Amino acid sequence: MKKSLILLLAMVLVFSAFTGCGSDPAAETGNEEAPAGALKIGHLSYHTGPFGHVGPMFDGAANFALDFINEAPPLDREVTIIHQDIGTIGEGQAARKLVDSEKVDVLLNVAGEYMSYRDWLLEVEAEIGGPLLPSVHGGSIDMAYGGVVTEPIFRGAPMDTDQGAATAIEAQKQGAKTVVVMAVENDGMQMQQEAAVKASKALGMEVLGELDFQPEQTSYRSVVSQAQALNPDALLIFCAAEDGGTVVKNAAEMGMSSIIVGATDWMFVEFPKTATMDALNKHKYVGAVGFTYQEGPAWDFYKAAWDASEYAELNDASNSYTLQYYDLLNVAMLAIEQAGGTDVAAWVDAMYDVSMGPGKKVYTYAEGIEALRNGEAIDYDGVTGAFNYTPTGVVGGLFGVFQWTDADTLERTSLIEGQTILDVTSK
Amino acid sequence: MTLSTFLSSTLVLGLLEAAPLVLAAIGFTLIYRLNGFTNVAYAENITLGAYFAVIFNSLLGWNFYASIIPAALLSGLLSVVTYLVIFRPSFRRGVGKTELIILSVGVSYFIRYGSRILFGNDLFNFNFSSTSYLKVFGIGVTNIQLICIGLVAVISIGIYFFIYKTNYGEKMRALADNEELAMISGINPTKVSLLIWFIAGSSAGLAGLFYGSFSFVSSSLGWNMILIVIMVSVVGGVGSIRGALVASAFVGIVTSAVNLLSSNSLYGDIVLLIIFIGILKVRKVRV
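Sequence order for the protein chains is C and F.
Letter 129 of the first sequence, counting from 1, is numbered 129 in the working numbering, and no numbers are missing.
Letter 109 of the second sequence, counting from 1, is numbered 1109 in the working numbering, and no numbers are missing.
These aren't lab readings, by the way, just hints derived from the structure by calculation.
Every value quoted in this text rests on a predicted model; they were computed, and no experiment measured them.
It is possible that part of the hints are untrue.
Among chain C residues calculated to face chain F with C-beta under 8 Å, some are [claimed, not checked]:
no., residue
1, Gln214
2, Pro215
3, Thr218
4, Ser222
5, Ser225
6, Thr246
7, Thr274
8, Lys361
9, Thr392
10, Lys427
A few chain F residues facing chain C, derived, Cβ under 10 Å [unchecked claim]:
no., residue
11, Trp1062
12, Phe1137
13, Pro1189
14, Thr1190
15, Arg1283
Beta-carbon label-pair distances, calculated as ranges [unchecked claim]:
no., chain 1, residue 1, chain 2, residue 2, range
16, F, Gly1096, C, Asp67, 50 to 56 Å
17, C, Trp120, F, Ser1004, 52 to 58 Å
18, F, Ser1004, C, Leu415, 42 to 48 Å
19, F, Val1085, C, Asp67, 41 to 47 Å
20, F, Ile1157, C, Glu313, 24 to 30 Å
21, F, Leu1059, C, Ala312, 39 to 45 Å
22, F, Tyr1065, C, Gly204, 33 to 39 Å
23, F, Tyr1065, C, Ser101, 50 to 56 Å
24, C, Asp67, F, Gly1150, 35 to 41 Å
25, C, Glu71, F, Asn1127, 40 to 46 Å
26, F, Ile1279, C, Ser101, 44 to 50 Å
27, C, Glu295, F, Ile1101, 55 to 61 Å
28, F, Phe1162, C, Trp120, 54 to 60 Å
29, F, Asn1178, C, Glu313, 41 to 47 Å
Note that the Cβ used here is the ideal one computed from N, Cα and C, for glycine as well.
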């Protein structure tokens, strides 16, 4: 038995060694030994588990932004990043590792389980005054949290509730009068479901049912059957790309031909691959509402740079997560320059200063750092829009409506302005 | 939802859910009956069966149905290799049941992460030449699903007859029941064991392939299924093909019924677990 176990252990070690030898562009610039004086970012990402396939995209998006930042790093301190997998050990445990063992200056969070380790992190913030907490997917965190010294969360994405409302607006635009709202059971998706229900009612649509389902199932026929029995005009669905693909596919298989509106995750290529174009075409309408880019100088620079970069193979330039990583890291690093260090109090003030002025409009990190070094105040306008924060670190954003025209092509068909969403959510 | 819709939905959806599970449970229960331990690494046979089919279908461009046989053969071969390299040496050293389970968990991790190196994190989908949308008892299904169910039925019946009605099957059952007596009777234990592990591996591979054809193939496909496969095998009576068939169909139908009645699919799993615990309690079964 001992020999078998030793043999097994040896095999695992050999394979572990191989896993570090991939040619993934996202993995090449991360997880290196930090030079003395470097700013360390701990990035909570996915490399294993059900969302393991999106990790390279997240890592690539962060690396892409840092490539530009490191051309003139804040305070002349090179910025390094540790891409920490949360798929196996969980977000909370991974955060502890990065903060306690790696002593990161910045904890970059992309996922939606912040509440599971918030209490611990608040204690750490109170005790050691760090780390800084830019959060790409902070839209799933209650909007009452963040933007202050005791909890320096600053989001890269608008609130998930806005997205929930946006799906309802799109369903009504497509002619729906009755809806069924479905969501997987996690914090962010449930928040979107709740918002979609409220928005649907506010828009005068009848909500025939709210259905919850588990992620990562091979079939959703039962829950689809329930929705089918309610005979709605539209299904509003909040779940990951592959789960959404399976739901849409199952719905087509079961004879439904409906208006279906999903959220940002459906902009991943896994959605049409899982759903199949055959099933998508069986429905009256299938769209995804997601955060999108604002046309302008920031977008022009970013798109050209992304398309020319080694990361372009990971996803399209318009991918919402990539946009948000880019803007959030730009602003967070400009704020470190403005603050003169990683002191939380100074950084929090600087986040508001550099993102929403008053000051010179800048559209790239390079413009921003140059202006700051010339002693000018700046107002960063990014690829996701004006990038202005509320007092709790919530950022506004623009929503786009997208449709898959084939298995590889996602087309933006229309825009939903922030004011339209505000009008609905404030009813 | 009317009563007739509910009943037809429960039956059709339940059998659809159960179809791949039948194959997975048959294979699992064969190994359990022969070697008397819970082979967690069996999960990876399910996953790799699907991956093998992906190689032939999506990567090499074979017809989906043509990719079934080579995928099953390769999956069976993988199972045999696992047996020869990992488990048989352990049996010979008299390794205990608990240690074998731990070993199988290790093997499972090894294969799963090894396959991730080969296939990456991408999700794979099968290419079907054409999909037709049909109705069975008023419930929408596709021609692919119906063909898959048909194939599962044929394969299951084939395995059943092989185990219970053929000379080789008799040898396999004899070996599983009493190895020493079987050897005295002239049965070659290595040859028969290899055959059992091959059939079990092929069944797992086919189960993975059918699961994958209903949705997508990922590196955690088998791992997500293994708990229910173990439960079905235990409740169906370990080693019993008939039991595995009945228990799988039961699981599919009960899960569908509960899911159709509740607004949260989690209740289906909870009800299933409670029923299983109840059955095991009454039957006093230990794994």
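Verification of the supplied hints:
Given the 8 Å rule on beta carbons, the hint for Gln214/C holds: about 5 Å separates it from the nearest Cβ of chain F. At about 10 Å, the closest approach between the beta carbon of Pro215/C and any beta carbon in chain F exceeds 8 Å, and the interface hint on this residue is violated. Contact between Thr218/C and chain F, as hinted, is supported at the beta carbon level, the nearest pair being about 5 Å apart and thus within 8 Å. The restraint placing Ser222/C at the interface with chain F holds, with a minimum CB-CB distance near 3 Å, inside the 8 Å limit.
Hint on Ser225/C holds. Least Cβ distance to chain F is approximately 5 Å, under the 8 Å limit. About 5 Å separates the beta-carbon of Thr246/C from the nearest beta-carbon of chain F, less than 8 Å, and the hint is met. Against a cut-off of 8 Å between C-beta atoms, the interface hint on Thr274/C holds, since the closest Cβ of chain F lies about 5 Å away. Residue-level restraint check for Lys361/C is violated (minimum Cβ-Cβ distance to chain F is 39 Å; threshold 8 Å).
Here the hint on Thr392/C is broken, as its CB sits about 31 Å from the closest CB of chain F, past 8 Å. The beta carbon of Lys427/C is not positioned within 8 Å of any beta carbon in chain F (closest approach about 26 Å), and the interface hint is therefore violated. For the restraint placing Trp1062/F at the interface with chain C, the shortest Cβ-Cβ distance is roughly 18 Å, beyond the 10 Å limit, so the hint is violated. Hint on Phe1137/F is violated. Least Cβ distance to chain C is approximately 12 Å, over the 10 Å limit.
A distance limit of 10 Å between C-beta atoms decides the matter here; for Pro1189/F the minimum to chain C is near 20 Å, and the interface restraint is violated. Proximity of Thr1190/F to chain C is violated relative to the hint, the smallest CB-CB distance being about 19 Å (cut-off 10 Å). Nearest Cβ of chain C to the Cβ of Arg1283/F: about 28 Å, over the 10 Å cut. The hint is violated. Take Gly1096/F and Asp67/C: their Cβ atoms lie about 54 Å apart, and the range 50 to 56 Å holds.
Restraint check, Trp120/C to Ser1004/F: a C-beta distance of roughly 54 Å satisfies the suggested window 52 to 58 Å. Distance hint for Ser1004/F and Leu415/C: a CB-CB separation of about 46 Å, consistent with the stated range 42 to 48 Å. Here the CB-CB span from Val1085/F to Asp67/C is close to 45 Å, well matched to the stated 41 to 47 Å. A hinted range of 24 to 30 Å is violated for the C-beta pair Ile1157/F and Glu313/C, which are about 47 Å apart.
Distance hint for Leu1059/F and Ala312/C: a CB-CB separation of about 23 Å, inconsistent with the stated range 39 to 45 Å. In this structure, Tyr1065/F and Gly204/C break the distance hint of 33 to 39 Å, their C-beta atoms being roughly 50 Å apart. The supplied range of 50 to 56 Å is met by Tyr1065/F and Ser101/C, whose beta-carbon atoms lie about 52 Å from each other. Separated by about 54 Å at the C-beta atoms, Asp67/C and Gly1150/F break the suggested range of 35 to 41 Å.
Checked against the hint of 40 to 46 Å, the C-beta distance between Glu71/C and Asn1127/F comes to roughly 44 Å, which is consistent with it. Under the hint 44 to 50 Å, the C-beta atoms of Ile1279/F and Ser101/C, about 46 Å apart, fit the expected range. A beta carbon spacing of about 59 Å between Glu295/C and Ile1101/F agrees with the range 55 to 61 Å that was offered as a hint. Checked against the hint of 54 to 60 Å, the C-beta distance between Phe1162/F and Trp120/C comes to roughly 57 Å, which is consistent with it.
Checked against the hint of 41 to 47 Å, the C-beta distance between Asn1178/F and Glu313/C comes to roughly 59 Å, which is inconsistent with it.
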